[in-house]
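S.K.: As a plain string of letters, each chain reads:
Protein chains: 2
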Amino acid sequence: MRAVLIVCDGLGDRPTRALNGLTPLQAARAETLSRLAEHGECGIIDVIAPGQPPGSDTAHLALFGYDPFRVYPGRGAFEALGVGIELSAGDVAFRCNFATVNDDWVIVDRRAGRINSEEARALAEALNDIRIDKVDGVQAIFYHSSEHRGALVLRGEGLSRMVSDVDAHKAGVKAHMPRPLEDTIEARRTAVALQEFVEKAHKILKDHPINRQRVEKGLPPANALLPRGAGTLPRIEPITKLWGIRAAAIAGGGLYKGVAKAVGFDLINVPGATGTVNTNLGGKVEAAIKALGEYDFVFLHIKATDSVSHDKNPHRKVEVIEWISRELTPLVKTVLDKGYYIALTGDHTTPCEVGDHTGDPVPLVIAGPGVRRDGIGKFDEISCAKGGIGRIRGIDLMRILMNYLGKVPLFGE
Amino acid sequence: MRAVLIVCDGLGDRPTRALNGLTPLQAARAETLSRLAEHGECGIIDVIAPGQPPGSDTAHLALFGYDPFRVYPGRGAFEALGVGIELSAGDVAFRCNFATVNDDWVIVDRRAGRINSEEARALAEALNDIRIDKVDGVQAIFYHSSEHRGALVLRGEGLSRMVSDVDAHKAGVKAHMPRPLEDTIEARRTAVALQEFVEKAHKILKDHPINRQRVEKGLPPANALLPRGAGTLPRIEPITKLWGIRAAAIAGGGLYKGVAKAVGFDLINVPGATGTVNTNLGGKVEAAIKALGEYDFVFLHIKATDSVSHDKNPHRKVEVIEWISRELTPLVKTVLDKGYYIALTGDHTTPCEVGDHTGDPVPLVIAGPGVRRDGIGKFDEISCAKGGIGRIRGIDLMRILMNYLGKVPLFGE
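Line order of the protein sequences matches chains A and B. Read the first sequence against this note's numbering and you will find it ends at 413, with the numbers running on by one and no gaps. Read the second sequence against this note's numbering and you will find it ends at 1413, with the numbers running on by one and no gaps.
Some hints here could point you the wrong way.
The calculated lysine-lysine pairs, modelled on DSS-like cross-linking and capped at a C-alpha distance of 27 Å, are [unchecked claim]:
no.: 1; chain 1: B; residue 1: Lys1170; chain 2: A; residue 2: Lys241
no.: 2; chain 1: A; residue 1: Lys407; chain 2: B; residue 2: Lys1312
no.: 3; chain 1: B; residue 1: Lys1386; chain 2: A; residue 2: Lys378
no.: 4; chain 1: B; residue 1: Lys1170; chain 2: A; residue 2: Lys407
no.: 5; chain 1: A; residue 1: Lys217; chain 2: A; residue 2: Lys290
no.: 6; chain 1: A; residue 1: Lys386; chain 2: B; residue 2: Lys1312
no.: 7; chain 1: B; residue 1: Lys1174; chain 2: B; residue 2: Lys1217
What follows is a set of in silico ranges between Cβ atoms, one per label pair, in the way DEER data are often shown [as the list claims (entries may be wrong)]:
no.: 8; chain 1: B; residue 1: Phe1069; chain 2: A; residue 2: Ile185; range: 28 to 38 Å
no.: 9; chain 1: A; residue 1: Met177; chain 2: B; residue 2: Gly1390; range: 46 to 56 Å
no.: 10; chain 1: A; residue 1: Arg391; chain 2: B; residue 2: Asn1403; range: 16 to 26 Å
Just so you know, the hints here were simulated from the structure itself, not pulled from any lab data. Note that the structure is a prediction, hence the values are computed from the model and not measured. We put the beta carbon where it would ideally sit given N, CA and C, even for glycine.
Sequences are here, hints too, so could you generate the full structure?
M.R.: Pasting the structure below:
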C-alpha cells in the first residue's frame, strides 16, 4: 500500500470581500479538488496548535509527524540541506546574506543590491581560507547558493545553535554582534567563532576587486556577510525508520527540500521545479506518479499558493488553486485507480488580506480504500470543517496515514 | 445519579464492498442503537491517539480514564486477575501456554494439541513444588485457567516486568530464553528466575505420566510452558477512589475482567457470559440493570463484535450488531426511563477487511438528562462523526461521564 501527501503552502485563507465573502478555495472552480473531497474524508488541521501561526519549517516537521516544540532545531540546517550542503551531527548552520555595511557596521543594503550569482560566487571563493583562531577545533565553511544568498557552517566539537543573528533584519541599523542565547560554554564558543568569521570575512570582502569594481560602477559593495537563523540537524529517528517505509520528497523550494531531507526523505529533483508560480508543476506531478512505483510514501510540495498570498492577491490565488487542481488531475486519478491513499492539505493559513502566516486551521482531505466517506463535496476551509475527520493536530496526520498503510504497531495487546 | 458504559469490542469498522460501501454499523438495522443516537449526543473517539491501533488492554485503560502511555503495566497481570488469581503489588505475572517442544526447545505446537483442561490441570499440580534457587526470595506460582492456558506469577521483592517472552509466538523456531529488557538488577533477577522455572517445569513435564500417555496415543505432549506478556498491577488510584463512586463490571472475557479489576471495579459474574458470540448477553444485560440499583457506574463489555471482525465476516458482524441492539433494549429502556446516563462505544476499530485492530476512531453516543441532543438519528462511524461531541480521546470519556454524575470537583474557584 502506498500514499502521497500533497502540501500546498499557505493554502488556508479567510473569507474576503474581494471574493464576495468567500475564501479563495471556496471561490475556485477546482474540479479535481472537489472530486477528492467527494471520494474522501475531510477535516481541518491545527498544524501546530489552535491559533498558533506556524513557520514553514515547524509546520512541515509537524506534518511529518514530529513535535516541533520538542525537536525544532532552528532554520539554518534546513536551508543548508536544501541547497545541497551535507551536514553532520553537531554542525551549526546559518543562512547568510551578502550585504552592504558602512564603516560602523550600519547595514546599508541587506542584499548588497541583489548582487548577481557570478560575482557572489567569486566573493565566496575568497572566503575559503578563513581560519578560526579564537576557538579551538572549529572550522568555518561558507557556501554560496544564489544571488545574495548563502549558508555558513560552523563545524567542530562543542558548538550550539543558541546564538543570536548577526543580521539585524532591516537596513539603517547596526548589524548585531553575535551573543550566546544561553549560559553554556558551547553557546559562548559559537558566538566567538561566528564573530571572528564575520569580521575576517568583512576584512577580505571590503578590499576584494569585485567590490572595488561595484563601487566604481555605483553599486553597493557586498562587503559583509550577515548570518542568521542558527540551526542544527534535528535529533530524531528518520521517518523511514520510524514507520518502516521508503519515502521520497518532491519540492522546489530549498527549505522544504531541507526539512524533508533532515527527516529522512529521499529528494527527487525535477527540472524546472522552482518553488515559484512559474514552477514545472506538470513535471513534479509526473515525478510523483513515478515515485509511487518505488516508494511507500511520497511528499509533494507546492509553493505557489503561499507566494500569491504574501502578495495579497486573492484573485491570483483563486487562479493558482484552479491551476493546481488541473495539474493534479493525473496524480489523483492514478492514486484512486490504484487504490492508494492521498492526503491534501496546507502547511498554514496565509490570508490574502493579511499577507502573512496566521494560526487558522487548514483544510484536509484523505481519500483511499476504506476511508469513511463523509459526503463533503467541496474542498475548502468551511466545507472541510464539517467533515468526518473533525479537527486534528498536524502531528497526528502522519500516524493517521501510516495507520491506513498498516505501518503503526499495536500499543498494548 | 447513575451511569452505564457499554463497550462493544472492535465495534468500529470501515466501509466495505461486501456491504455495498457501508460499514457494518451503517448496514445494520439496529433500532435500539438508533434510538440511543436520537436521544443522545454523538461523536467519535480516538481511544489512544489518532491513527494509533489500540490493544484491548491499553484501550480499556484509556476508556476508564487512565493514560496508557503512563500507566500501562503489560498484559500479564490483567490476564491473571481475569482468571481469578489474586495479585499483590510487585508480583510479575505472565500468560502461559502449555506447549510441545522438541529436545532442542524448538516449538512443535504452541498449544500442545489444545490439550484438554482436565489433563492440563493435572500437569499444573505437578508444578506446585518448583522452587526458585538461583534468585533469593522469589517464589513461582503457576495457575491453570482453561485448556492449554495458564498464568505464572513470580512473587518476591525486587522483580521487574521488563523481561522478554519465552514464547516465540510461532511454531518451528526455538523458544526464547528470557532476557532482561532493561539494564536493572530487577530485570536480570526476573529473567534468571523465569528461566529456572521454565527449565524445571520442562524437566517435570516431559516425564509426567500424562504426557507419556499422550505420546503413546500419538498426541503432542504438553512438555513445556511458554510464558509471555510479563505484567504487573498498574500503579494507579482505583476508579472508585478517583471519582468517589461504586463501580461494577460485567464481562465474559478474562482480559476485560482483569483490566476492570485492576482499576478497582467490582466484578459481577454472570453464568454463561463467555466472551464469545454464544455468550449469555441477556443475562449480562439483566445483571447490568440489577447492578444499576447498587452501583453508581456499571461497565458492560461485549466481545462478539470483535470476534466476527477478526474472522473477517462483515455480514456476521451486521447480524451480531442487530442482536446486540435487540438484547440491549431493556437496559436502554431502564436507563432512559430512570433518567440515568448511558454511553455506548467501542474499544477500537477492527475492520472486517483487515481482520485486526486499526487506529481509526470509534463511534460514541451518550444519552441522559441534560445531554445536548444533536439530531443524529443513526449510530454509526460516519453519522457519529457529525455529532455534537466531535472528536475526543479515550482518556476524556470518563471525565465527561463523571461530570454528568456530578463527580468531578471544580478546578479553581
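S.K.: Decide, hint by hint, whether the structure agrees.
M.R.: Verification of the hints:
1. For a cut-off of 27 Å, the pair hint linking lysine 1170(B) to lysine 241(A) stands: about 25 Å separates their Cα positions.
2. The straight-line distance between the Cα atoms of lysine 407(A) and lysine 1312(B) is roughly 20 Å, inside the 27 Å bound, and the hint therefore holds.
3. For the given pair, lysine 1386(B) sits about 16 Å from lysine 378(A) by alpha-carbon distance, which is consistent with the 27 Å threshold.
4. The straight-line distance between the Cα atoms of lysine 1170(B) and lysine 407(A) is roughly 21 Å, inside the 27 Å bound, and the hint therefore holds.
5. At roughly 50 Å between alpha-carbon atoms, lysine 217(A) and lysine 290(A) are farther apart than 27 Å, so this suggested pair is violated.
6. The straight-line distance between the Cα atoms of lysine 386(A) and lysine 1312(B) is roughly 31 Å, outside the 27 Å bound, and the hint therefore fails.
7. Restraint check for lysine 1174(B) and lysine 1217(B): satisfied, since their Cα atoms lie roughly 25 Å apart, inside the 27 Å limit.
8. A hinted range of 28 to 38 Å for the beta carbons of phenylalanine 1069(B) and isoleucine 185(A) is consistent with their spacing of about 35 Å.
9. The given range of 46 to 56 Å is respected by methionine 177(A) and glycine 1390(B), whose C-beta atoms sit roughly 51 Å from each other.
10. A C-beta distance of roughly 21 Å is found between arginine 391(A) and asparagine 1403(B), which places it inside the suggested range of 16 to 26 Å.
In summary, the structure is inconsistent with hints 5, 6 from the numbered list given earlier, while agreeing with the others.
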